[in-house]
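A.B. asks: Numbering-wise, this note's numbering comes out as the position in the sequence shown, counting from 1, plus 305.
If you're looking for bench data, these hints aren't it; they were derived computationally from the structure.
Don't take each hint at face value.
[Unchecked claim] Distance condition first, Cα-Cα at most 27 angstroms in a straight line; then the derived DSS-like pairs of lysine-lysine:
| no. | residue 1 | residue 2 |
| --- | --- | --- |
| 1 | Lys434 | Lys501 |
| 2 | Lys444 | Lys374 |
| 3 | Lys376 | Lys444 |
| 4 | Lys444 | Lys434 |
Predicted model only: the values in this text are computed from it and were never measured.
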Amino acid sequence: MRTLKRKSSLTKFLRYLIVALILLFICLVILAVSYWVSAKSNLSGTIISAGLGQTVQIQFDENDVPHVKAKSQRDAYYTLGFLHATERSWQLEISRRLASGRLSEILGERTVSLDRFIRTLGIKQAAEKQFERYPAEIKQLVQAYADGVNAGNRALGWALPIEYFLTGSKPGYWSAADSVAWSLMMALDLGDNWQKELFRLELSQYLS
Numbered sequence: 306m307r308t309l310k311r312k313s314s315l316t317k318f319l320r321y322l323i324v325a326l327i328l329l330f331i332c333l334v335i336l337a338v339s340y341w342v343s344a345k346s347n348l349s350g351t352i353i354s355a356g357l358g359q360t361v362q363i364q365f366d367e368n369d370v371p372h373v374k375a376k377s378q379r380d381a382y383y384t385l386g387f388l389h390a391t392e393r394s395w396q397l398e399i400s401r402r403l404a405s406g407r408l409s410e411i412l413g414e415r416t417v418s419l420d421r422f423i424r425t426l427g428i429k430q431a432a433e434k435q436f437e438r439y440p441a442e443i444k445q446l447v448q449a450y451a452d453g454v455n456a457g458n459r460a461l462g463w464a465l466p467i468e469y470f471l472t473g474s475k476p477g478y479w480s481a482a483d484s485v486a487w488s489l490m491m492a493l494d495l496g497d498n499w500q501k502e503l504f505r506l507e508l509s510q511y512l513s
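Given only the sequences and the hints, what does the whole structure look like? Please build it.
C.D. replies: This is how it looks when you write it as structure tokens:
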């Protein structure tokens with residue numbers, strides 16, 4: 306009798322376990338589909354946003370390349386930032402953190418030396434000073450792009466790229482200076498003699 310009761314209890318437990326696993330699987334499928342639908346870009350057509358002066362048309366061609374039709378430069382730059390954020394939010398976040406020397410906040414000790422180097426160069430500070438010297442009309446366009454990036458990140462809602470969940474982070478605020486900072490990072494990357502320049506600077510300071 307005891308053996309039969311044990312078998313009955315074990316069978317009942319296995320039955321509940323199987324049902325629980327099936328329900329868990331269904332929930333995971335629903336969650337995955339919801340994430341995929343929310344994360345999938347669906348911007349083709351008309352876009353209306355509080356940051357726009359007028360309505361903007363966005364059309365994706367057969368190669369998934371967006372084409373923007375705006376009635377002002379400011380709206381075009383805003384929409385470009387919006388598209389970049391909704392399509393490449395994580396890449397923007399990494400670029401922003403790299404140029405500011407803040408990668409280690411989400412990637413840990415492995416990037417401390419890189420952050421220290423970038424902060425020593427003062428990329429972000431140089432970008433802020435450079436932006437302040439821009440003509441008013443250029444400032445407006447760069448700021449419009451930044452506003453578009455932030456609006457695009459907000460539009461993503463909870464359906465952020467998977468990298469955010471893996472690093473436990475969220476999109477940070479993109480400033481106008483962040484755009485300038487990344488242009489300086491590109492200049493640094495293209496100038497492949499920067500190591501020699503730094504060595505010469507250090508040598509001149511030592512010998513002077």
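A.B. asks: For which of the previously enumerated hints does the structure constitute a violation, in increasing order of number?
C.D. replies: none
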